[in-house]
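A.B. asks: Here is how the chains run, residue by residue.
Protein chains: 2
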Amino acid sequence: MSHQESLTAYIAAFVSELVLSGITDVVVSPGSRSTPMAMVIAEHPDLKLHIHVDERSAAFFALGIAKASNRPVAILCTSGTAAANYYPAIVEAKYARVPLLVFTADRPHELRDVGAPQAIEQLHLYGHHVKWFTEMALPEKSDEMIRYARTVCARAVSIAAKAPAGPVHLNFPFREPLIPKIADDLFQTTERPEGYVKVVNGDIVITDEQFKEIAALLKGKEKGMIVCGHIADKTFGDRVTKLAETLKFPILVDPLSQLRSGIHSQENIIETYDTFLRNDDAKNALKPDIVIRFGAMPVSKALNIFLKENHSALQLVIDGGGGWRDPASLTTNMIYCHEATFCEKLQANVEIQSASSFLNKWKSVNQLTKDHMTMIRDTTQLSEAKLFCQLADMLPEGATLFVGNSMPIRDLDSFFLNNDKSITVMANRGANGIDGTVSTALGAALYSKPLYLVLGDLTFFHDLNGLLAAKLHNIDIQILVINNNGGGIFSFLPQSEHPTHFELLFGTPIDIDFEHAVKMYHGEFTRITDWDHLYSMMKADPPKGLKVIEMVTNREKNTKEHREFWRSVSREISNFVKGDHEWM
Amino acid sequence: MSHQESLTAYIAAFVSELVLSGITDVVVSPGSRSTPMAMVIAEHPDLKLHIHVDERSAAFFALGIAKASNRPVAILCTSGTAAANYYPAIVEAKYARVPLLVFTADRPHELRDVGAPQAIEQLHLYGHHVKWFTEMALPEKSDEMIRYARTVCARAVSIAAKAPAGPVHLNFPFREPLIPKIADDLFQTTERPEGYVKVVNGDIVITDEQFKEIAALLKGKEKGMIVCGHIADKTFGDRVTKLAETLKFPILVDPLSQLRSGIHSQENIIETYDTFLRNDDAKNALKPDIVIRFGAMPVSKALNIFLKENHSALQLVIDGGGGWRDPASLTTNMIYCHEATFCEKLQANVEIQSASSFLNKWKSVNQLTKDHMTMIRDTTQLSEAKLFCQLADMLPEGATLFVGNSMPIRDLDSFFLNNDKSITVMANRGANGIDGTVSTALGAALYSKPLYLVLGDLTFFHDLNGLLAAKLHNIDIQILVINNNGGGIFSFLPQSEHPTHFELLFGTPIDIDFEHAVKMYHGEFTRITDWDHLYSMMKADPPKGLKVIEMVTNREKNTKEHREFWRSVSREISNFVKGDHEWM
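First to last, the protein sequences are chains F and V. At position 224 of the first sequence the residue is numbered 224 (full-length UniProt numbering), and the sequence of numbers has no breaks. At position 336 of the second sequence the residue is numbered 336 (full-length UniProt numbering), and the sequence of numbers has no breaks.
Careful: at least some of the hints might be erroneous.
Note: identical chains are not told apart, hence a pair may lie in one copy or across any two.
[To be verified] Calculated cross-link-like contacts (lysine to any residue; reagent style SDA-like; alpha-carbon spacing at most 25 Å):
| no. | residue 1 | residue 2 |
| --- | --- | --- |
| 1 | Lys48 | Asn485 |
| 2 | Lys162 | Glu351 |
| 3 | Lys131 | Leu111 |
| 4 | Lys471 | Phe525 |
| 5 | Lys363 | Ala163 |
| 6 | Lys519 | Asn304 |
| 7 | Lys308 | Glu121 |
| 8 | Lys519 | Pro509 |
| 9 | Lys198 | Lys223 |
| 10 | Lys471 | His522 |
| 11 | Lys519 | Glu194 |
| 12 | Lys212 | Thr380 |
| 13 | Lys471 | His516 |
| 14 | Lys287 | Asp208 |
| 15 | Lys301 | Asn418 |
| 16 | Lys48 | Ser496 |
| 17 | Lys471 | Gly523 |
| 18 | Lys308 | Pro177 |
| 19 | Lys141 | Lys449 |
| 20 | Lys162 | Glu121 |
| 21 | Lys471 | Arg527 |
| 22 | Lys131 | Gly115 |
| 23 | Lys519 | Asn485 |
| 24 | Lys181 | Ala285 |
| 25 | Lys198 | Ala161 |
| 26 | Lys131 | Pro108 |
| 27 | Lys560 | Pro177 |
| 28 | Lys361 | Gly115 |
| 29 | Lys308 | Gln4 |
| 30 | Lys48 | Gly507 |
Keep in mind the hints are simulated off the structure, nothing from the lab.
Using the sequences plus the hints, can you model the full thing?
C.D. replies: Structure (structure tokens):
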């Protein structure tokens, strides 16, 4: 048996099984050691191969595809530092629970740790940040090793996908010569042609008895609230809103919960809590006895402080992935159960409530805050706050909004209100980095159209290389860069009170004219001058190709505007809560 | 004792000790969790603080400073994926034996693995790729903990610097509030103000007895050769050339050995072996009985194949850092000894040889190959080979030449000839990646002036973000981009014989006009049209600011030119070796 035949048969078996396991997209970075895998992948008619020169961007691009397609995505690179460039996206995938299959090519054993070129220690290269690592055997063509290759492949796909989803790393040692033998029957499989192993991933659910116990906890608790952070499962929104209606609990919806937009019931939705939970009178009036929390930690610091202050309330955390999302150690009951199933089954176990004055209080304060946002909306100057107030109106039906970290996600949280459009909101909230945002959005844009990315100038800069994918793969995306020339978030933090090194260490203005970069990647660049200009740009037909709109703002004015709004709405809320009035 | 006082005293003690341990440069990326360390570093009058937004580039920038300054350099970033972006440069530092101090800020224990924002598992984040990892204690002000902070600092610096030099990782948990108390006496130290611990790093040396044994091995071996790869120690060149003269051995000098330029003896230097060791007649005439090899593995594949073919020769490998640099398992004697000391002491133990016909053969074939390079020099078209032939002539006295990986370093190896200028050659040859090259060169340019970077278009693209440092820190650098629109090296590899997916997977043209990027970073861009144009650009005054010269070449023509040259010189060599002639 020749080396080439073994190499080819083994990899073709692996790649066949990859497709039979449901994988459709592979992001490949050029390199020599990865040649056998890259060439076989390129031959498969059912795989979309996306080439990406910069491995850091490549991995985030794959992350975006996985987020938007709800399927694991494979990435492939050569040996050496190429593989180390995948690390940031792998860490994000781990914490954001996004399935990735990381395939790294490696030198064989005899060329490791002996000064061979591009040979680094790749075993456990990503440490604790992958769900599973395995060092593949050298290619062999025996029936046994073909079964091994197919089995490992199916197993890897299932581990990446099962809750909590995440990255899996397979390291492939390849000996030279690296060229596989490409023939027409490359993917012909005689044994189990429909797939070698079918893996059925179950969900974790609790028993009926346990549901009864939880229902008993809820009994007599009028002052209940539900908190929803990000959950990938699209069936969840409908289920949780039905549960909330039955219980007459307010649902505090993080922008990534996908509950601020869409066709589910909006009766109990509370979305301006990040503003009104800064006010002590509101917080006193809204103290809960019980909190039911789902999904990732919400973005709002005000909400998290409020939950902490109410540590004597029962706090139930429901997690279908088995983590421990509770940075303030508040949980009284940690419940490992698939979230949508939990809502459905709990609903069946509790009594329908007809009304709730507690819910009405939340709704009143929420409505008051929303009404007060005219203060932001009436601004004629370009303003970051107003942008997020107006976004839902500007975006077309069915749009996906990808939001950068740091200020944009916080402003989205504060100012993006409930709406009946079907808008999907995405962000990289696993580790909340500003890295890889452009690439993640571009990857998502392959499956979620039309896609609008809103991000700050430092975040845009950090992944400027990612724009190459837009050019090479003709991706349609509209990018709105909020350019306040530096790190806007620091103006809200205590660091800003220490001016000596503030601009050097935190403000970090980079004074870049992004028009050059956009032109380099053959995109259209527009620096908007006023709101009408922005509306006309945003409300035009969905983007074709790369379109970048820049909105120049000022960090100091921005901080001032936010603070004035919070002060003003806080006064209103205090007057309302303490005043002689009817709650809703 | 307040939290702020503890925080301040602990970090100030650490930073004081950092300076007293000889650290002068810190590269800081903006972030919140790293605030206490960043603010204290910014206050120290003896530290140069370089701010860098993109952590991947930041770490490579620090690597460049460390290479050029011969001192460990510290890098500091916030928690989360920021730290993961350091990984590629850390891996490179490990294998290139460059000292780095990696400081990552982290959430304290109670905020780990519980969904807190920007909190990822940072313990052992870089796995096997750092020489030492330690999780720092939370800041405390007790005398004991101040002693601890100072001791760990001195220890970390010494571990990073001692052979084999490399990266060290300290993870700092910080609790809020994060603002230190900046006062005039911040760095005043009463206990041991001259430095808390002075660490003396010894070198490994073998005994006189062991030297005698090695000298005995050499006795009667006329056909000896010395091979020098990269060694950071600047005293080595003079010592090894003296040893070679005593033994009358040829020295095969990798471009990174620093022995192709400079004022040391050039009597025994052989530099065109990458060309003539492709010829079987030459290889037959030049078979050694003994090989003495120093430093990193040489770039030349032809040389490595030649060494492998001569596996029955004694092959001595001298390594002052204690690694195992021998990918073909050829070593007969692995000698762990400081290299310059080895040369000096061995020289004292061997007899002076008066002449060697074996050396003369090497010199004859080398001279013939050099003479034949007129074939390359006479080209009037823009040519990658000719560029490297002419580089020594074009560069000013005292210049540093930083060379990109993939083709440029190989062409440098083949065509950059012995010269008496003092030119320092640098490259990232730890893991041979194309990543981070721009940033490493920019960091080096702070201490090695004037600096010229020569690299390919994909390498330039991969670290385009690195150019921001040139703009922000007004760094003087001249960059020559060889733009053959893709990965030129693959045209020399077997992949090129399989045209179906060649351009997609390996050629990877990106069709980018880099003029846009250079303008964005306020640099000067020139696309040269002919050789005179290039000479005038390169021979102008050393660069002020960012200057980028682009030379457009063609991958196919380039491969053809190389192959024709190799064939032609090979014919000459065969005629010469087999012919009736006098060796030198």
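A.B. asks: All hints, please: hold or fail.
C.D. replies: Now the hints, each set against the structure:
1. Taking the shortest Cα distances, Lys48 and Asn485 sit within 25 Å of each other only across copies (24 Å), while inside one copy they are farther apart (38 Å).
2. In this assembly of identical chains, the alpha carbons of Lys162 and Glu351 never lie at most 25 Å apart, being 33 Å within a copy and 71 Å across copies at closest.
3. Taking the shortest Cα distances, Lys131 and Leu111 sit within 25 Å of each other only across copies (21 Å), while inside one copy they are farther apart (27 Å).
4. When the C-alpha separation of Lys471 and Phe525 is checked against a cutoff of 25 Å, the pair qualifies both within a copy, at 14 Å, and between copies, at 22 Å.
5. For the identical chains of this complex, Lys363 and Ala163 are neighbours neither inside a copy (34 Å) nor across copies (67 Å), given an alpha-carbon limit of 25 Å.
6. Within a single copy, Lys519 and Asn304 get their C-alpha atoms no closer than 42 Å, and across copies no closer than 45 Å, so neither meets the 25 Å cut-off.
7. Taking identical chains as interchangeable, the C-alpha atoms of Lys308 and Glu121 lie at most 25 Å apart only when they sit on different chains, with a minimum of 24 Å there against 44 Å within one chain.
8. Taking the shortest alpha-carbon separations for Lys519 and Pro509, both the intra-copy value of 22 Å and the inter-copy value of 18 Å come in at or below 25 Å.
9. Proximity of Lys198 to Lys223 under the C-alpha cut-off of 25 Å is found in neither arrangement, the shortest distances being 46 Å within a copy and 63 Å between copies.
10. Taking the closest pair of Cα atoms, Lys471 and His522 come within 25 Å of each other both inside a single copy (7 Å) and across two copies (24 Å).
11. For the homomeric pair Lys519 and Glu194, neither the shortest alpha-carbon distance inside one copy (47 Å) nor that between copies (55 Å) is at most 25 Å.
12. Within a single copy, Lys212 and Thr380 get their C-alpha atoms no closer than 55 Å, and across copies no closer than 87 Å, so neither meets the 25 Å cut-off.
13. In the homo-oligomer, the alpha carbons of Lys471 and His516 lie at most 25 Å apart both inside one protomer (14 Å) and across protomers (15 Å), since each shortest distance falls under that limit.
14. For the identical chains of this complex, Lys287 and Asp208 are neighbours neither inside a copy (30 Å) nor across copies (81 Å), given an alpha-carbon limit of 25 Å.
15. Within a single copy, Lys301 and Asn418 get their C-alpha atoms as close as 20 Å, which meets the 25 Å cut-off; across copies the closest is 64 Å, which misses it.
16. In this homomeric assembly, Lys48 and Ser496 come within 25 Å of each other (Cα to Cα) only across copies, at 22 Å, whereas the closest approach inside a single copy is 48 Å.
17. Proximity of Lys471 to Gly523 under the C-alpha cut-off of 25 Å is found in both arrangements, the shortest distances being 8 Å within a copy and 24 Å between copies.
18. Only between protomers do Lys308 and Pro177 lie at most 25 Å apart by alpha-carbon distance; the minimum there is 17 Å, versus 61 Å within a single protomer.
19. Taking CA atoms no more than 25 Å apart as the test, Lys141 paired with Lys449 passes in neither setting, with 43 Å inside one copy and 56 Å between copies.
20. Taking the shortest alpha-carbon separations for Lys162 and Glu121, only the inter-copy value of 21 Å comes in at or below 25 Å, while the best intra-copy value is 28 Å.
21. Proximity of Lys471 to Arg527 under the C-alpha cut-off of 25 Å is found in both arrangements, the shortest distances being 20 Å within a copy and 23 Å between copies.
22. Proximity of Lys131 and Gly115 under a CA criterion of 25 Å is satisfied inter-copy only: 17 Å between copies versus 30 Å inside one chain copy.
23. Taking the shortest alpha-carbon separations for Lys519 and Asn485, both the intra-copy value of 20 Å and the inter-copy value of 18 Å come in at or below 25 Å.
24. When the C-alpha separation of Lys181 and Ala285 is checked against a cutoff of 25 Å, the pair qualifies neither within a copy, at 72 Å, nor between copies, at 38 Å.
25. Taking the closest pair of Cα atoms, Lys198 and Ala161 come within 25 Å of each other only inside a single copy of the chain (13 Å); across copies the shortest separation is 53 Å, beyond that limit.
26. In this assembly of identical chains, Lys131 and Pro108 lie within 25 Å of each other by CA distance both inside one copy and across copies; the values are 24 Å within and 24 Å between.
27. Proximity of Lys560 and Pro177 under a CA criterion of 25 Å is satisfied inter-copy only: 23 Å between copies versus 64 Å inside one chain copy.
28. Proximity of Lys361 and Gly115 under a CA criterion of 25 Å is satisfied in neither setting, with 69 Å inside one chain copy and 30 Å between copies.
29. In the homo-oligomer, the alpha carbons of Lys308 and Gln4 lie at most 25 Å apart only across protomers (23 Å), although the nearest pairing inside one protomer, at 62 Å, exceeds that limit.
30. Taking the shortest alpha-carbon separations for Lys48 and Gly507, only the inter-copy value of 19 Å comes in at or below 25 Å, while the best intra-copy value is 41 Å.
Consistency with the previously given hints fails for numbers 2, 5, 6, 9, 11, 12, 14, 19, 24 and 28, ordered from lowest to highest.
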